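Trainee: Chains as they are written, first to last, in our numbering: chain A, 1 to 68; chain B, 1001 to 1365.
Please note that the accuracy of each hint is not assured.
In silico DSSO-like cross-links for lysine-lysine, where the CA-CA straight-line distance does not exceed 30 angstroms [said to hold, decoys possible]:
| # | chain 1 | residue 1 | chain 2 | residue 2 |
| --- | --- | --- | --- | --- |
| 1 | B | K1157 | A | K19 |
| 2 | A | K2 | B | K1157 |
| 3 | B | K1238 | B | K1149 |
| 4 | A | K20 | B | K1148 |
| 5 | A | K2 | A | K20 |
| 6 | B | K1238 | A | K19 |
| 7 | A | K2 | B | K1238 |
| 8 | B | K1238 | B | K1148 |
| 9 | B | K1149 | A | K20 |
| 10 | A | K19 | B | K1149 |
| 11 | A | K2 | B | K1148 |
| 12 | A | K2 | B | K1149 |
| 13 | A | K19 | A | K2 |
| 14 | B | K1238 | B | K1157 |
| 15 | A | K20 | B | K1157 |
| 16 | A | K19 | B | K1148 |
| 17 | B | K1238 | A | K20 |
Simulated from the structure, these hints should not be mistaken for lab results.
Values in this document were obtained by computation on a predicted structure and should not be read as measured data.
Chain residues, written in single-letter form:
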Amino acid sequence: MKELDVRGLSCPMPLMHTKKAIEDDPTEVLVHADSGTAKANVVAFLHDAGYTVTVDESGDEYRIRGAR
Amino acid sequence: MVERRVIGPTAWFLGGAGLFIGAVAAWLVSQGNPGNMGLCIACFLRDITGFFAGGVTGQGAVAYIRPEIIGIILGAMGAALFTREFRPRGGSQPLVRFVLGFIFMAGALIFLGCTVRAWLRLGGGDLTAIWGVLGIVAGVLVGIVFLKKGFNLGRAKAVAKPLGWVLPVFAVVLLVFAIIAEYGTAPGWTMSTAAGEGPGALSAALFMSLIAGLAIGVVAQRSRFCSIGGIRDAVLVKRYDLLFGVIGLLVGATVVNLVLGQYNLGFVDQPVAHNDALGSFAAMTVATFAAMLLGGCPFRQVIMGAEGDADSTTAVAGMLVGAGFMHWAGLASTPKGLAPAAWPALAVMAAVVLAIAWYGTRKTA
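Chain A with its partners taken away, still in its complex shape (with noise of 0.2 angstroms):
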């Protein structure tokens, strides 16, 4: 599985790190994003690349898991 941390991140860079993540087509992805912009980005950028999402959201963070 492949993990990676937005938090933080001014656009475009939570889209730039997304996509470099799935480039080898890892089957699962988790992405921890903290702006409802990123979350928003990331969850279209995935489902837009086959992937099953969910969001998990605790606390201050948004958990983006994607699977297939």
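Given the coordinates of chain A, work out where chain B should sit on it, guided by the hints.
Mentor: Okay, now just chain B, sitting in the frame of chain A:
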């Protein structure tokens, strides 16, 4: 890498958001706002600076508290609170962000419009805006070079809660002053453009602008509309959804301007614009480059400030101060063209943005 959709379902949402914002902006012109200036983050922040400091900065022609800005901030704040996305955060090089905001504004006031108004000018048939739009593309491409090299101003973190409320509180203060100026007597040290004295006197009715701003703020917060991010994402990550935002903006403004008989195709006699091609291109390149390093256009900075992002609020503060400086120093353009010292000022600012980009890249390399 596996196949990835490059246009996803959010493209429809962003396109719709852009259509709405462009249409409302064009409609605001029919209600009294200056030509092709139904919405302009740079111009409107500049007018607000004029209201408070116009006597010092010589902004007699551009002094008015634009209620659209108040509405956008409060609308975005409401949407963020409702969706639990309001989060006080900051601490990612605030001073650098202030400087980038300052420079963004400086470039916008040399072009005569921000990255939102560039598209709206085009949507009104103003072909001189093409030079500005080409500058946006160039600024995005230069920014991408540094982003690819690892440019990063550092991570924002949670900050003391009151810091997240600075921009919304500022909006409420603005609302109080706007109401006093409209229905009572504003303090003598403030300034409001007198009728016929400049674009600051042209506006839709206060509550019309306010309600339009509220709606735009909600739509922008939910859609994440950005006037430069679409081109950036398309080139950088091959994702085209955000690009539909500016396409929608252009289409919405064009259609409503045509319907309302406000469409004036050509290079001459365009409202609040000049036809200095090279100056427009260079000014928007520098401004967009600065916005790229901030992580979003000035519209996004206002929206994020309304979501509790203290760094974006600092960038907006830089824009407000930058506007005052540009008028005080006589560097802002007029419809006649660029100010004599605009080119040296642009050169200095380009050097500063490049230095910031280099610093932010070296630090993380």
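Trainee: With reference to the structure, classify each hint as holding or not holding.
Mentor: Structure-based check of each hint:
1. B:K1157 <-> A:K19: At roughly 23 angstroms apart (the allowed maximum being 30 angstroms), K19 (chain A) and K1157 (chain B) satisfy the hint.
2. A:K2 <-> B:K1157: Given pair K2 (chain A), K1157 (chain B) holds - Cα atoms ~23 angstroms apart, limit 30 angstroms.
3. B:K1238 <-> B:K1149: Since the Cα atoms of K1238 (chain B) and K1149 (chain B) sit roughly 17 angstroms apart, the hinted pair holds (cutoff 30 angstroms).
4. A:K20 <-> B:K1148: At roughly 12 angstroms apart (the allowed maximum being 30 angstroms), K1148 (chain B) and K20 (chain A) satisfy the hint.
5. A:K2 <-> A:K20: 10 angstroms, holds
6. B:K1238 <-> A:K19: Between K1238 (chain B) and K19 (chain A) the Cα gap is close to 10 angstroms, so the pair holds against 30 angstroms.
7. A:K2 <-> B:K1238: Holds, at about 21 angstroms.
8. B:K1238 <-> B:K1148: 14 angstroms, holds
9. B:K1149 <-> A:K20: It holds: about 14 angstroms lies between the C-alpha atoms, which stays within 30 angstroms.
10. A:K19 <-> B:K1149: Satisfied, since the Cα-Cα distance of roughly 15 angstroms is no more than 30 angstroms.
11. A:K2 <-> B:K1148: 21 angstroms, holds
12. A:K2 <-> B:K1149: 22 angstroms, holds
13. A:K19 <-> A:K2: This hinted pair holds, its Cα atoms lying about 12 angstroms apart.
14. B:K1238 <-> B:K1157: 29 angstroms, holds
15. A:K20 <-> B:K1157: 23 angstroms, holds
16. A:K19 <-> B:K1148: Status holds; Cα separation ~13 angstroms.
17. B:K1238 <-> A:K20: Roughly 12 angstroms between the alpha carbons, so the hint for K1238 (chain B) and K20 (chain A) holds.
Checked against the numbered hints given earlier, this structure breaks none of them.
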